[in-house]
Structures are given as C-alpha cells and as structure tokens.
Amino acid sequence: MTRTPLSLPLRVLWNAFYWTYERATWQYDVMVVAILAFVWLTPPEWLKDPMASGAGPIGWLIDALK
Amino acid sequence: MFPLRLIIDICVRLRIHPNTLTFIGVLINFAAAWALALGKFVTAGVIMIIANIFDFIDGKVAHESQAVSAFGGFWDSVIDRFSDISLFIGLIFLYSDLRRTDYVMVTALAMMFAIMTSYTRARAESIIKKCKVGFMERPERIVLFMIGAFTNRMAAVMWVILVLSIFTVADRIILTYRELRETHEAIA
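Going down the list, the protein sequences come from chains A and B. Residue numbers for the first sequence follow my numbering, beginning at 1 and rising by one. Residue numbers for the second sequence follow my numbering, beginning at 1 and rising by one.
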C-alpha cells in the first residue's frame, strides 16, 4: 500500500502532534512562543480561571476595536 | 553559574549524599504544593525554584563526589514523580476548596497524563531502545508551573499541560507500536 504524502498544513499539524524535535531547535522555539502566547494572551474569563480575572490582552484589544 | 557552583562545592565538601539532596528537594516541593493549595502562587513559585535547585545539583554532586549509582538514578526518578504529583494535588485541593469541579477534573487529568508520560517512556524503553518523543516532559512541566504561579495564569497552564501530555503519551504509544512492528517485520 502506497501512502500519499501529506499536504503542508497537514504535515505541520502532524509534526506538532507527533513531536520529535529536540530542545534548542527553531521548531521548539516556535512551540514555546505559541504556548506562552496562549497562557498570557488568552483572557482568564474565557477559561473561567478560578484565580485570575479580567479580560487579558486579547480582551483589551477586542474592547478597543469595538 | 557562580551560586550553583558554590552550592555544589559546599555539598561535595560537606559530603552530603546526593540521595539526601534529592530527598530534601521533594520535601521543599511539598511546601510548594502547600502554598499552591493555599492559593499563594508567588510563594509557591519561589519555593519551586529552590526545590528545583536541589533537583539540579543532586546529579552534579553525585558526579563530583563519585557517588553516581544505579540506585541514585532510580531514587531520583521516583522522587521526581512524588514532586510532580504533590504540585498537582496542591492545585486540586485549591480548586476543590473553591468548589470548582471543572478545574479539579482538568488538574486531575493533567496529573494522570503527566504520570503516564513518564510511565510510557519507562515501560517502552524496557522493550525498545529509546522512546524520547513528545513535547511535554518534566522540565517543560516544571517551567510551566512556575510561569503559571508567577503570572497567576495557572488555569491556562493546566490546559496546556493536559493537552500536550495527552499528545506526548499518544506519541510514545505510536512510536513503540511502530518500532515493535518494524522489528517484527524484520524478523519475519
């Protein structure tokens, strides 16, 4: 059975899921940036955070654009 | 790093056994877990840093005092699991105290998959050569705990640990399955 190669977006998703990269590679750095962006930018309200409150940077941005 | 170098030298000179340092590390982590349970995140973060200094230096002290042993490695791994689990239990206590069943579940599941991350690798490496795939390993988890504690974003951190630990466990199962299948095919 021959496998058809994955398209680029699917390959990126697969590589993010099936993680084989070492630390100190650019892929690792991108993942770290994505994680920190999620942690710091996601409004605590969206996650119903029991300890933090407020809209956070994304919430402020949405409010400013309204 | 000068302060760490100094601490290592003092420990070697005082002939403190590396296994003792490992044990002190877990006791300090229990204190961090207690601070998390009380909702004192910044205090917990500071205590976590101190605990991880012990975690970092025990191996170096073992090396420099020529006390490296198979038992030391085993002891270190076992104690690491206690440290990890205690932090999660601290958070579970906090969220249950706040009557937040949703986050009790998120944290409990994150704990389950964090333990399974270590277990899958340990078990896999008894049947295949190496099983080092997946992003969410212990150093990443510890740093995320600290980030969550210092910036009061523990809920987001729990989600990240949960999702990426599930991926890591899945990665290790996939790798082990593939490796064993390849070995089986090579023999057949």
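By construction, these hints were calculated from the structure, which means they are not laboratory data. Each hint should be verified, as a subset may be incorrect.
As the list claims (entries may be wrong) - Below, simulated SDA-like cross-link-like pairs (lysine to any residue); rule was C-alpha separation at most 20 Å, straight line:
1. Lys40/B to Ala24/A
2. Lys48/A to Lys129/B
3. Lys60/B to His17/B
4. Lys48/A to Val106/B
5. Lys129/B to Pro50/A
6. Lys66/A to Lys60/B
7. Lys132/B to Met31/A
8. Lys48/A to Lys130/B
9. Lys48/A to Tyr177/B
10. Lys129/B to Ser77/B
11. Lys48/A to His17/B
12. Lys48/A to Lys132/B
13. Lys132/B to Phe17/A
14. Lys132/B to Glu22/A
15. Lys48/A to Ser77/B
16. Lys130/B to Asn15/A
17. Lys40/B to Tyr18/A
18. Lys48/A to Val104/B
19. Lys48/A to Phe93/B
20. Lys129/B to Met31/A
21. Lys48/A to Phe150/B
22. Lys132/B to Ala24/A
23. Lys40/B to Gly54/A
24. Lys48/A to Lys60/B
Fair warning: this is a prediction, and the values are worked out from it, not measured in the lab.
Report the numbers of all earlier hints that the structure fails to satisfy, in ascending order. Numbers 1, 2, 5, 6, 8, 9, 11, 12, 15, 17, 20 and 24 - these are the hints that the structure violates, sorted from lowest upward.
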